[in-house]
Amino acid sequence: MNTRQRARLAFWLLAPALTFVVVLGAFPVLSQFALSFTKFNLKFADERGFAGLSNFARLVSDGVFWQDLGQTAYFTVVSVGLELVLGLAAALLLNKVFRGRTAMNSSLIVPWALPTVVAATMWSLLLNDRIGLVNSVLERLGLMGEPIVWLGPRLAMTSVILADVWKTTPFVAIILLAGLKSIPNQYYEAAALDGAGRWAVFRSITLPLLKPFIAVAVLFRTMDAFRIFDLIWVLTGGASRTETLSVYIYRVLFRYGDLGYGSTMTVALFVIVFVLSLGLIRFMRISGEAQ
Amino acid sequence: MKTMSAVVLCCLVAVSLVACSSQESGEIQIVFAAGNDPSGATEALVDEYNAAHPGVRVEFQTMPANTDTQHDVYVTYLSARESDIDLYSLDVIWTAEFARAGWIVALPDGHIRPDEFLGGPLQSVTYEGTFYAVPWFTDAGVLYYRKDLLEEAGIPVPETWTDFRSACREIAEPRGMDGFVWQGARYEGLVCDFLEFLWSVGGTLDETTVVESPAEAERGIVEALGLMLSFLDSGISPGGVLTYKEEDSRRLFTEGQSLFLRNWPYVWSMAEGEGSKIRGLAGIAPLPHVEGRTSYSTIGGWNVALSTYSEHPDEALDFLRFITGERAMKKRAIEGGYLPTLRSTYEDADVLAANPHFASFFEVFQNTRNRPRSPHYPRMSDIIQENVHRVLTYEIEPGEAAADMVRELAEIMAG
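Protein chains in written order, with the working numbering: chain A, 1 to 291; chain B, 1 to 415.
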């Protein structure tokens, strides 16, 4: 086989995969863009037409969109921040050799392995103010007077964040654990010879070498957190200022059948997540070069 | 080239697998999509119909239990012109939406004899003066109370909110129980509860009132919200009510932790069933109202409609007549406890023997009202839910919520 034949074969072998990428990736994104310029409601299909930029004008003046964007950002920053700190702590702990680590490793992964909807339903039962386990434990410990309404107006967002932290900290921990494993032991031995303290070792060896892994974890988690839907849908339905953009988009697209405006918001969410990811990747590269 | 033909072969196999999924058979197939019936009565009826109609095979397809999910699944099917499903069971609030979208067809003249049905359910199948579905079973909000505790205290079942509140204070408070639990989570159930409170103070969300005299509509809303807040502020209702759906509130009542409960008729058999701590101790009554007004119950329940995309409309209509007919209603009432929409079924001796409480429900059903009937209902529902819930969580004042609600609803109603 000469080079040309090989190239042609390679193209044909890649063709199915490319087709999938185009059909499942590019096509939906492009058709969303196209839809965002139309007036199109599934239930009023006869009124379909070109809408120009009116959907985007509506987006700018849509208070719910901006409020939900703020809530989504808050959820993302707090939950990813907590997951990073706790995940790092867990990874450091697991990286120490001690007995029963295999059991620890596998039990750690359980929350992450559960489907989110199942985990969310479980949390909504645990957090129920009257029959929930959390309140009954608090009551038995004598720490609670009136039952705490975890999913009520004051604590709803906090509870949602805690459920998310419980669920996805393992993901961060495992990525960081892989990172810790990749750091050669010689560095630590050398540091020990030089008489470096624990904090110094952590700051000058562990953290810098772990940075690429932290960046990957943060990137994945941020993208996921920004699109959070199922957890909130089950726990609060978006009540008490916990509605995120995905929940609002779902309402508009599926409950109202408004494909035009729903697509406009999807495009906005796409752009936000895209820019955010690019920013994180760039930050990652810069901090990588700095070493 | 061998490799090349292998690639092509793979593609061919994939295509033929997709193409194989359709099959041929001599009999006409009718698919009826509805929520699960745990009693098995519906399935038995379908089997019975199939046995009596050779050449037609009806298949009962169970849909997701969650109402909102079912709605969204149907919207997806029907906007894709799905022809596999012939008959859909629809929540009473969907008729206008599905009819306006052209997804369900107007029933032929004479298919429904109006005087045979209960008024509320019949209104729910009507869109622009035409019947688009047949009422299948009904539901309405009722007040459950603890017969034993009221009798012990010598207090009659309260008819006004004033008496209701003092009953809560006298009986529930000293016992450390909750006075009244209802559905206050932000979801469709909140709309049902809110409307009942609204009607009980003489308010309304009728199109004419909302569009033409918004100030009057706002007054009613403010009063209803004040009533709901008074339950929370006085501790008659626990703070958790704002996160409760039907089952959360039902559990507190059947656990004996609440004096009153607003819920749907299904609770009755659970209160009387095994595992209930209040067997034989519960009573049913119409909801209370403000002095000089009347209370109304929000209508729930389901209707059956014929899909526009059905390929066998005549056969489907025949089955529709059967499954919403007297015989089916009776069987489903006796075995499944489903509340009939036909008036005559409430007088049937067998039905009453199996469900003695139907007589009290029939009384409640005399004063029922529908939620707004509009193709834009999902949006209207969200507007109501959001504004009510934000008041109950002290995010905004009742006056502000009422003004927002009326303005937004009027915009939609006026088109």
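It is possible that part of the hints are untrue.
[Unchecked claim] Counterexamples of contact, computed for chain B against chain A with all Cβ distances above 12 Å:
hint : residue
1    : 69
2    : 151
3    : 315
4    : 379
[To be verified] Okay, the calculated beta carbon distance ranges per label pair:
hint : chain 1 : residue 1 : chain 2 : residue 2 : range
5    : A       : 64        : B       : 153       : 26 to 36 Å
6    : A       : 16        : B       : 83        : 24 to 34 Å
7    : B       : 407       : A       : 207       : 28 to 38 Å
Quick caveat, the hints were computed from the structure, so don't treat them as lab data. Think of the CB as a built atom: it goes at the ideal place given N, C-alpha and C, for glycine as much as any other residue.
Cross-check of the supplied hints:
{"no.": "1", "hint": "69", "result": "10 Å, violated"}
{"no.": "2", "hint": "151", "result": "26 Å, holds"}
{"no.": "3", "hint": "315", "result": "27 Å, holds"}
{"no.": "4", "hint": "379", "result": "5 Å, violated"}
{"no.": "5", "hint": "64/A x 153/B: 26 to 36 Å", "result": "47 Å, violated"}
{"no.": "6", "hint": "16/A x 83/B: 24 to 34 Å", "result": "31 Å, holds"}
{"no.": "7", "hint": "407/B x 207/A: 28 to 38 Å", "result": "55 Å, violated"}
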